[in-house]
Every structure is written in C-alpha cells, then in structure tokens.
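Given the sequences, and given the hints that come with them, work out the whole structure.
Chains as they are written, first to last, in UniProt numbering: chain A, 1 to 222; chain B, 1 to 222.
Everything labelled a hint here was simulated from the structure, so no lab data went into it.
Possibly wrong hints are sitting among the right ones.
As the list makes no split between identical chains, a pair holds if one copy fits it or if it spans any two.
[Claimed, not checked] Derived DMTMM-like pairs: lysine to aspartate or glutamate, alpha-carbon spacing no greater than 25 Å straight-line:
#1 Lys185 - Asp152
#2 Lys185 - Glu65
#3 Lys64 - Glu36
#4 Lys217 - Asp152
Protein chains: 2
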Amino acid sequence: MGEAGAAARRGQVGARGRIDKRQAILDAALTVFAREGYAQAGMDVVAAEAGVAKATVYNHFHDKENLLRQTIAALSDQVLAENLGVVGRLADQGEDLRDLLEDVGLRLLRCYCADQSWALRRLLSAEIVQFPDLLDIVHGRAADPVTEALADRLARLTVAGRLSTRDPLMAAEQFCSLLTGPMDKRARLGTRQVPDDELRAVARAAVDTFLQAFAAKPARNG
Amino acid sequence: MGEAGAAARRGQVGARGRIDKRQAILDAALTVFAREGYAQAGMDVVAAEAGVAKATVYNHFHDKENLLRQTIAALSDQVLAENLGVVGRLADQGEDLRDLLEDVGLRLLRCYCADQSWALRRLLSAEIVQFPDLLDIVHGRAADPVTEALADRLARLTVAGRLSTRDPLMAAEQFCSLLTGPMDKRARLGTRQVPDDELRAVARAAVDTFLQAFAAKPARNG
DNA sequence: AAACAGCTAGACGCATGGGTCTAGTTTGAC
DNA sequence: GTCAAACTAGACCCATGCGTCTAGCTGTTT
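Next comes the structure, spelled out in structure tokens:
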C-alpha cells in the first residue's frame, strides 16, 4: 500500500484500529473540504485522506451532501464544547474582573482562530445559499448556546454588582463582536496564523472598551 | 430570441444598447456566482443571464477565474464608494454627536446588509483558500480604506474635543465590529432581510457602547 | 467450518461543465 | 458600398467527478 492519508497517520493505525473508520472519514472530510472547498473536493480524495476505500465512505454517509452535513454537525458540537468550557470560567467569583475577562477573551479568541473554526465558518459561508439549513445546524448547536451561556454569566455578574448590563444578551453579543471583529482582518479569513501576543492585544482592547461601557457604576443620570 | 437574462432586462435594452456588454456580464456573473457559488456556476448560465453568447464572455474575460477576479474587483470599488460616502458625513461638525454617529452607523449597516455586500463576503470566504489574492483585492480596494477613513474622522473628532480615542484605528475597528458583529446572526449570512428598525436598534446599541467608551472625558485616574 | 458483514481496489456509466471552433449575422467606421 | 471587428447560436472535445458495481479479502459469530 503506497500511502495512507494524513488523518489515518495522525489517528489510529487504520488497518489494525478496528472501529473509528467513521471518525476518520469525518476528520478527512473536514480537512479536504477546508483545503479545496466543498464543491471542488472529490470523494476519492476524502477517501484517500481517510485511508479508506471510496465505497466505505458511501456506506457510512449516503452521499456527498450528507457527508457535508454530518461533518459540519460534528464540528459544531466540538466547537460548542470548547467555547462552553471557556465561558464557564466566568463562574470564578474571586479573581479580578478585568483579568478574568481578558483571560476568557483570550481563550475565546484562540478558539475563534483555530483552523477548524475558520474552516467551519468558510464552509458555512460558501454553501449557505445552496444548503440554508446548515446555518440552523451551526447556530443551533454552537453559536447560539455560547452567546446564551455568556449572557447568563454576564447577568450573574450584574446581579453580583460587578457589572452593569441592562440587556445581558446584547452585552454578550457586543463582547463577542469586540473580540472577533478586529480578528477577521488580522487573520485574513484564517489564512494567516495570528501570533499570541496579537491575540492578547485584541482581547485587552476589547475588554477595555467593554468595561468602560459595562463596568458597575454607582449611579447614572440619563 | 426566446428570453433575455435578468441583468439585460434590468440594464440597457441589450440588443439596441451598444456598449455595456462587459458591464452586463459583470453584473450577471455576480448574480450567478452569488446564487449558485463560484464552483457550481456555469459559464453558460452567466452568458444567458447577461443576455450574451458564451463566446462573448470569453472575449472579454479570458477564463472563469479572471471573470471572478474582475467581478470581485468591480464590486469592491462600488462598495468602497458607498462606504466612503457614508463615512464622509462625519465631517459635519454641527450636529449632535450621538445623532450623527447613529446616522452613520445606520447607513453603514445598510451598506453591510445589501445583497451585493453579502454576496461579496460569501464569495470571498468560499474562494479565499483557492485564490488567496482575492483578499488583497477586497481589503485593499474596500475594507482597509474605509477603516482608515473612519479612523481619520475619529481622530479629527478627538482633536476637536468631542471624542477621546487613544488609538483611532482601533476605535474605528471596534466601532465597525459593534455594528457588524450583531448583524451576522440577524441577517443569517445574508439569507434573511433585516427590517430597518432592527438595523436602527443595533446601530443605537453600538453607538451607546461606543460613546460610553470613547466619549470625551474631562479627566481620568487609572 | 460456514455464513456473514464490512472493507478494499479498481473499473465503469453518465452527467456536468470549461473552453474552443465554425459559420453566419450585425454594427460601426470610412 | 465595403471592410473589419464584434457578436450569436450551437455543436464539439475533453477532463473531472459522483455514485455504482464487481470480485475478492478479512475478521467475527455461531
């Protein structure tokens, strides 16, 4: 056998590893879709990348469109788990609020800038017109729950007197926007690897602005 | 002749209108690329949409890839002109600053939510990996000049004592982020038409947060 | 041992679509 | 009127790629 796919090389041995053909195919599909785009990607290439015969791909996923959906769904679940883990850190009540927010912001940015995250967003943008339901998959499984969870934490911090948000959901959206918006140009839509200190600078600036707007204030006449 | 393309119908008469075959093709290409995606779009379809023979398309644009580049470049120029016009309104020094910013924000959002803008961003995301130079075309011609122009206006407003920005470029990026970030979900990547009062609400919230962070302050100890 | 389910390699049919070419028509310039 | 350039309709070549199928291999179960 001349060559095995990169996913197979990274993952289980492939020949001996009995089970995870399915997962190997999902990983390979993401890699190939991200590299060549969904339309340009060939099922042959996906199979080769997974170290698997083409028929096996069609056994697990009826057709190409279904493979796309499953790939995006699996990736959304993974992204959701990572983001929820980060947002959960806001439950720590002891730390200094600014430091805490900067830490959470930095971690969120690292998730946002992960190759997989960029691949997911690019795939979604590219195929949203052809397959509008992809957006429901991604937002329902990943984006919306994260924003809601963040809004929950901001509301708790407001009740605790450490923040001042009238509309926690809007505040959560703006916090995310301040983080991710400035990243889009710097990351060149995911084609440039942003160094960590640049991430830190963006997170710091975002938290600065956010706290100026939403830090707890004793009173205010408006 | 059974049917003429939608672009020809919208634009010049097509048969009698001598010149703008080229522009008709560019318009048609954008329409078709936006509707079906670059890879799925057929040159036959573009030609038909433009009300033009396929050979004519190849006369004006050597091949499909070149057509994509020209389409994106032309669209970027158009988007740039619209955005610069909006940002230019910040030169009015008389008006109330909050009203002025909200007005500019609203107009920027209208540009951001135009079908063409969404089509441009989706095309860019989809093909950025295949054609990395597309990003230079768009950012160089549209995105970067707009941010710079906005930063210029914010700097002038700071010098005039109406704002307090230490880093006008970062402030400009954050202003745009506060506007566009919350729109992405609401517009469902351009597949949903956002009503005008929703745009107004987002602009209002963005300006609220922005002014809390960057309104002119007499002094500050930190 | 025997039946079975999943996998492999590779050939194959068939549709799609980029790009070319031909032959005939229209348009504008001189 | 005449000529060149651009345009049209449509056939055409050829590469790509989805999805199927066959034939044979491997590991598991009973």
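Now the hints, each set against the structure:
Within a single copy, lysine 185 and aspartate 152 get their C-alpha atoms only as close as 29 Å, which misses the 25 Å cut-off; across copies the closest is 19 Å, which meets it. Taking CA atoms no more than 25 Å apart as the test, lysine 185 paired with glutamate 65 passes between copies only; the shortest distance there is 24 Å, against 31 Å inside one copy. In the homo-oligomer, the alpha carbons of lysine 64 and glutamate 36 lie at most 25 Å apart both inside one protomer (14 Å) and across protomers (17 Å), since each shortest distance falls under that limit. Within a single copy, lysine 217 and aspartate 152 get their C-alpha atoms as close as 20 Å, which meets the 25 Å cut-off; across copies the closest is 31 Å, which misses it.
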